[in-house]
Amino acid sequence: MSELITSPTGSLAYHLVLAFSVLGALQSVLNSADERSAEMRGRMVFGLGALLGLRALLFLAAGLAVQGVARLGMLLPVVDRTVGVVSVVLLVWLWAFPRPRRAPDAATLLVVALVFMMGSLSALYWASNGAPESLNQNDLGFAWDGLTFALALGGAFLLFVSKPAHWGAGAVMLLLVAVGALVQMFAALPGDTPGMLRVAQLAAFPLLFSLPRRLDLGPAPAQVITAPTVEARSPEAPVPPAAVAPVPAEANGKRQAGLPASEFKAIVQLAASDKPEEVAQLLVRHLAHGLLADVTLLMTPPDSGGQIIVMCGYDLIREEPMGGTLLDQKVIPGYAEALQRGRALQIPESNKLEKLARALGTQKAGHLLVLPLANAEGKPLAALALLSPYSKRVWNADDQLYVREAAPLISHLLEKTQRLVTLRENSMGSEARLREISEERDRIAEEHRAALGELDVLRHEMETARDSVETAQMQQELQRLRSEVAAGASAGGALMASAEELNSLQTENDKLKAELANFDKLKKGASAMVQDRDRLKAELAALKASPAVAAQPASAAPGLSLEQAEVIASIAQDLRQPMSSIIGYTDLLLSESVGILGALQRKFLDRVKASTERTNSLISNLIQITALDSGNVQITPEAVDLSSVIDNSIGETSSQMREKNISLRVDLADNLPRMHTDKDAIQQILTHLLSNAGAATPNEGEILLRARSESRNGHAESVLMEVADSGEGIPEDDLPRVFSRLYRADNPLIQGVGETGVGLSIAKTLTEALGGSIWVESQLGKGSTFRVRLPIETPLEVHHAGSAEA
Numbered sequence: 008m009s010e011l012i013t014s015p016t017g018s019l020a021y022h023l024v025l026a027f028s029v030l031g032a033l034q035s036v037l038n039s040a041d042e043r044s045a046e047m048r049g050r051m052v053f054g055l056g057a058l059l060g061l062r063a064l065l066f067l068a069a070g071l072a073v074q075g076v077a078r079l080g081m082l083l084p085v086v087d088r089t090v091g092v093v094s095v096v097l098l099v100w101l102w103a104f105p106r107p108r109r110a111p112d113a114a115t116l117l118v119v120a121l122v123f124m125m126g127s128l129s130a131l132y133w134a135s136n137g138a139p140e141s142l143n144q145n146d147l148g149f150a151w152d153g154l155t156f157a158l159a160l161g162g163a164f165l166l167f168v169s170k171p172a173h174w175g176a177g178a179v180m181l182l183l184v185a186v187g188a189l190v191q192m193f194a195a196l197p198g199d200t201p202g203m204l205r206v207a208q209l210a211a212f213p214l215l216f217s218l219p220r221r222l223d224l225g226p227a228p229a230q231v232i233t234a235p236t237v238e239a240r241s242p243e244a245p246v247p248p249a250a251v252a253p254v255p256a257e258a259n260g261k262r263q264a265g266l267p268a269s270e271f272k273a274i275v276q277l278a279a280s281d282k283p284e285e286v287a288q289l290l291v292r293h294l295a296h297g298l299l300a301d302v303t304l305l306m307t308p309p310d311s312g313g314q315i316i317v318m319c320g321y322d323l324i325r326e327e328p329m330g331g332t333l334l335d336q337k338v339i340p341g342y343a344e345a346l347q348r349g350r351a352l353q354i355p356e357s358n359k360l361e362k363l364a365r366a367l368g369t370q371k372a373g374h375l376l377v378l379p380l381a382n383a384e385g386k387p388l389a390a391l392a393l394l395s396p397y398s399k400r401v402w403n404a405d406d407q408l409y410v411r412e413a414a415p416l417i418s419h420l421l422e423k424t425q426r427l428v429t430l431r432e433n434s435m436g437s438e439a440r441l442r443e444i445s446e447e448r449d450r451i452a453e454e455h456r457a458a459l460g461e462l463d464v465l466r467h468e469m470e471t472a473r474d475s476v477e478t479a480q481m482q483q484e485l486q487r488l489r490s491e492v493a494a495g496a497s498a499g500g501a502l503m504a505s506a507e508e509l510n511s512l513q514t515e516n517d518k519l520k521a522e523l524a525n526f527d528k529l530k531k532g533a534s535a536m537v538q539d540r541d542r543l544k545a546e547l548a549a550l551k552a553s554p555a556v557a558a559q560p561a562s563a564a565p566g567l568s569l570e571q572a573e574v575i576a577s578i579a580q581d582l583r584q585p586m587s588s589i590i591g592y593t594d595l596l597l598s599e600s601v602g603i604l605g606a607l608q609r610k611f612l613d614r615v616k617a618s619t620e621r622t623n624s625l626i627s628n629l630i631q632i633t634a635l636d637s638g639n640v641q642i643t644p645e646a647v648d649l650s651s652v653i654d655n656s657i658g659e660t661s662s663q664m665r666e667k668n669i670s671l672r673v674d675l676a677d678n679l680p681r682m683h684t685d686k687d688a689i690q691q692i693l694t695h696l697l698s699n700a701g702a703a704t705p706n707e708g709e710i711l712l713r714a715r716s717e718s719r720n721g722h723a724e725s726v727l728m729e730v731a732d733s734g735e736g737i738p739e740d741d742l743p744r745v746f747s748r749l750y751r752a753d754n755p756l757i758q759g760v761g762e763t764g765v766g767l768s769i770a771k772t773l774t775e776a777l778g779g780s781i782w783v784e785s786q787l788g789k790g791s792t793f794r795v796r797l798p799i800e801t802p803l804e805v806h807h808a809g810s811a812e813a
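Residue 8 is where the sequence shown starts when you use my numbering, and the numbers rise one by one after that.
Don't read these hints as lab results, they were simulated from the structure. Note that the structure is predicted; figures quoted are calculated from it, not measured. Some clues are possibly wrong.
Restraint-style ranges between C-beta atoms, simulated for each label pair [what the hints assert, rightly or not]: (1) Arg-448 <-> Pro-328: 45 to 53 Å; (2) Ser-718 <-> Asn-623: 37 to 45 Å; (3) Arg-411 <-> Asp-146: 34 to 42 Å; (4) Pro-15 <-> Arg-411: 52 to 60 Å.
Ideal placement from N, C-alpha and C gives every residue a C-beta, glycine not left out.
Start from the sequences, fold in the hints, and give me the full structure.
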């Protein structure tokens, strides 16, 4: 097929088929005589004429090349490619832009100029190289075929998006050309003539006969011709022939048109109405009937926010008025510019009007014609919008002329109606003001008459008083009595105010006495609490000095007997009850619910509370030490989440760290296993270690808490916990005495240890009870690190030993 179409005979047939296709479409366009489509017809004639001229030019060049003109024979392949690309551009312009549009027309002209420039450069390049190989297998031919493919495919997509009238045939035509160019690009057939592209053009160009169908706009609007009304007759009476004779279409060379009574009545209403709403509604109704517009709208210019008010409308198909609505100026592209310039705006049916169609409640908006209305000063007053969503009627110059001739009258009518409304409102306002002035005048006249009457009365009284001196003396006496009464009333008021102030002072005095008595009670209670505290301190000192408590170090001291442990526990429990009472009463006093405290009193109570809490902590340590020394250690293994235990211990010591503004860093391994041990024992160990670190660390210091698991043969066997402080460190000679709880009795305090020895001793005892080990490492000036190693599961013999000791 490609070889046949590239032969001389095939080339002749190719040129003739394309030329006759263009010529046939051009003839169909010229035969169209509908004045409404004159604008589109002119564009089609220009575009098809240009296509025909290009085809004729290419045919002439091919003929000269066959006759042996060597130079033309060398340049003919490039000329063929150039004419093909320009033809695609013209086809896109014809199908996609049936009506004049400045931007697309300018873009088309620019693209055509660029293509001709590229063709000239390609011809120079091809001629300078002496046509070294076939153009079909050269990069230059590949580039021209690719350009043809891109333009044809882009034009088809543009038609699909804009969807002008009868766009389907144009899209198929451009797609066929695109397919032919694509096959030509990758076939790489020998020779210079694009055979596959020519085959596609032979299939596509006959579709040009569908282009003139756009000019078929349907029947022209006909005038309404009505027959004369026939009088009612009885069925028996014969009907005169004149009554049934058809009304002649023309008489004396002129068309006869009747005006229906309803239309005549509407015109009279329009002339007589002075209501803007009624005038606007009648106006759009007449325009809809006169222009046979499916939908007619009367709209305002866009405001500062870009909003358009649809004052009213009329639907000719449904024969019913349309209510007002609010539109965005973007739904009608170019609306504001058209009103500003005073020019008509015509938009063919396309997707650009979809939002307007949705606002009006129709599927399509059809063709749109917007005609501006200006006032006497030339400023935009309103706009008439004509749409054809049902009939798809295309608006022409006659329709514009129809409205343009009546536009001044319509604008004058709208302005006149508005002025009448304004005058009526002003008149009504003037009448209201006149009524107010009349009422004010009547009121002033009434007050004037009343004043004259009062003046007569006063004049009569003055004459009577002048005649009677006794009356004047009586009035003076009455005035004196009134003054005395007023003075007495003033003195009485002052006396009552003094009495009320005295009562208030008496009440305040009673309150102060009550508060003073209450303060004496509080003072006595505080003294009693101080005495109780001193007594408890003495008892605690006695307990510490007793043989039951002051035992030998753990390495040499025997355990307490059961009776001794019970006695110490009983005494400790008895001590806790008054401690709790002291703390409760101290909190009550500090809350000031029973009286206001002074700064010194609050300071004393804070000291009492702190000392009481310290005593309570010592009592708790005493109970724990007693239980440990008596061997009454209860080990209850259970599943333990070490992370939650660490959180609880941190919470118990957080207040201590906040007071000294200590930073706590926690480093927990991600794979901490769950332990099977005594949860309370682990928590006490961590709490004592953190409390010791908090006491040893200076203000603004730092504490590090670290925990990780230790494995053997791939199985976790133990957990190592570390608590490091930033204190002054423990001397090496004092390290053996760190976990001894009686070092204070025999030796001075250990540097770098915050505890008195009791807490660390408890931690050591509990660690050994769980089958673990505890030790300390320290560097002077850097701090100390306490380490605890505990098994994942408490050994069975340890558990049994603890139970046996209990």
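So, going through the hints one by one against the coordinates:
1. Arg-448 <-> Pro-328: 45 to 53 Å: Holds: the Cβ-Cβ distance is about 48 Å, inside 45 to 53 Å.
2. Ser-718 <-> Asn-623: 37 to 45 Å: holds (42 Å)
3. Arg-411 <-> Asp-146: 34 to 42 Å: violated (58 Å)
4. Pro-15 <-> Arg-411: 52 to 60 Å: holds (59 Å)
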